[in-house]
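Taking the hints into account, I'd like the entire structure generated from these sequences.
Going by the numbering used here, the sequence shown opens with residue 5, and the numbers climb by one from there.
Some clues are possibly wrong.
Derived EDC-like pairs (lysine to aspartate or glutamate); straight-line CA-CA distance at most 16 Å [stated by the list, open to error]:
#1 K253 / D208
#2 K295 / E281
#3 K341 / E329
#4 K348 / E292
#5 K214 / D225
#6 K341 / E328
#7 K253 / E242
By construction, these hints were calculated from the structure, which means they are not laboratory data. No experiment lies behind these values; they were computed from the predicted model shown.
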Amino acid sequence: MGPHPAVAAIRLAVRRVLHDLLTEHHTRHSAEHNSAPGSAQTSPEPPRTAPHTRPQPPLVLVACSGGADSMALASALAFEAPRLGIRAGGVTVDHGLQPGSDTRAAEVVLRLRELGLDPVESAAVTVGRDGGPEAAARDARYAALDAAAERLGATAILLGHTRDDQAETVLLGLARGSGTRSLSGMAAVSGAGGRYRRPFLELDRQTARKACMVQSLPVWDDPHNSDPAYTRSRLRHEGLPALEKCLGKGVVEALARTAQLSRDDADALDAWAGQAEATVRDAAGLLECAKLYALPPAVRRRILRRAAIEAGAPAGSLFARHIEEVDRLITGWRGQKAINLPGKVVAQRQGGRLVIRQG
Numbered sequence: 005m006g007p008h009p010a011v012a013a014i015r016l017a018v019r020r021v022l023h024d025l026l027t028e029h030h031t032r033h034s035a036e037h038n039s040a041p042g043s044a045q046t047s048p049e050p051p052r053t054a055p056h057t058r059p060q061p062p063l064v065l066v067a068c069s070g071g072a073d074s075m076a077l078a079s080a081l082a083f084e085a086p087r088l089g090i091r092a093g094g095v096t097v098d099h100g101l102q103p104g105s106d107t108r109a110a111e112v113v114l115r116l117r118e119l120g121l122d123p124v125e126s127a128a129v130t131v132g133r134d135g136g137p138e139a140a141a142r143d144a145r146y147a148a149l150d151a152a153a154e155r156l157g158a159t160a161i162l163l164g165h166t167r168d169d170q171a172e173t174v175l176l177g178l179a180r181g182s183g184t185r186s187l188s189g190m191a192a193v194s195g196a197g198g199r200y201r202r203p204f205l206e207l208d209r210q211t212a213r214k215a216c217m218v219q220s221l222p223v224w225d226d227p228h229n230s231d232p233a234y235t236r237s238r239l240r241h242e243g244l245p246a247l248e249k250c251l252g253k254g255v256v257e258a259l260a261r262t263a264q265l266s267r268d269d270a271d272a273l274d275a276w277a278g279q280a281e282a283t284v285r286d287a288a289g290l291l292e293c294a295k296l297y298a299l300p301p302a303v304r305r306r307i308l309r310r311a312a313i314e315a316g317a318p319a320g321s322l323f324a325r326h327i328e329e330v331d332r333l334i335t336g337w338r339g340q341k342a343i344n345l346p347g348k349v350v351a352q353r354q355g356g357r358l359v360i361r362q363g
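Spelled out as structure tokens, the structure:
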């Protein structure tokens, strides 16, 4: 008799990601070996060196809060990784936002080790205030995960975001009036070098919880997830249920599908903008307003955003309204003054050229 359907589903999702990581690992190792000095021998005499050794198995970490989603992910990783010859470990982040958070982090470390994961560690962080409590906690968490991956030499970190999380992310982007990239939600692969992998984006939250229940895995329900002080919590417990009551079941699936379609569109437009950028710069590298004007708005604004970021504007602080103001220097030129952007970056029109630089 096979495993419970929920357990089978989470294991299959993780197995697919691990297969991808193994393929990438072996491809990268082969490329490094073939490009290494002496790999192409011109002498007829073979080198008298140690025989070629197999690469060390990659290390994959799971980011685990102790909640149902990440505990289900940890259990699936612990089951699948040894069968594929992959080392598996875990990291839990102590945000220090609640009394006893250090004790809970220690409990999560113990649970991960009981699953057979190794290495396992806890990372304590200090959450700032920039961007609000949710954004600040997220920034601190990813910084800690990045540091753990570098320290432990991990190939990837698995995150337990589900289809429900994806739907919430799309709605939050919609409420902010964001563009296609924001509506595309979370990517299955993200981070430097594709470090972060999200195996559960096509699984619902209930599947993960059910998998924990049938495996008798203890889970911790973060009170912040039901605290109405947090926007995502209100959306989860009030907004989405109201939409489903009004529009019927299937809203979450439809929003997740919208995310994927939006991501495909955003990727295509980003590629178009990357190719078009070279055609709208003069010999000195300045952007020519007439050539920018001729481009479709979605492509033009991507070029403007990229130019602003290259000039020093922080990507996380550069909003659609900023780019719209810069765009009006091209499409609605009336002799406007320079536009001030985040990061002390200034955009201004000079003699038919758009100059974006730190002021």
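Each hint, compared with the structure:
| no. | hint | verdict |
| --- | --- | --- |
| 1 | K253 / D208 | holds, 13 Å |
| 2 | K295 / E281 | holds, 10 Å |
| 3 | K341 / E329 | holds, 11 Å |
| 4 | K348 / E292 | violated, 22 Å |
| 5 | K214 / D225 | holds, 14 Å |
| 6 | K341 / E328 | holds, 15 Å |
| 7 | K253 / E242 | holds, 15 Å |
Checked against the numbered hints above, the structure violates only hint 4.
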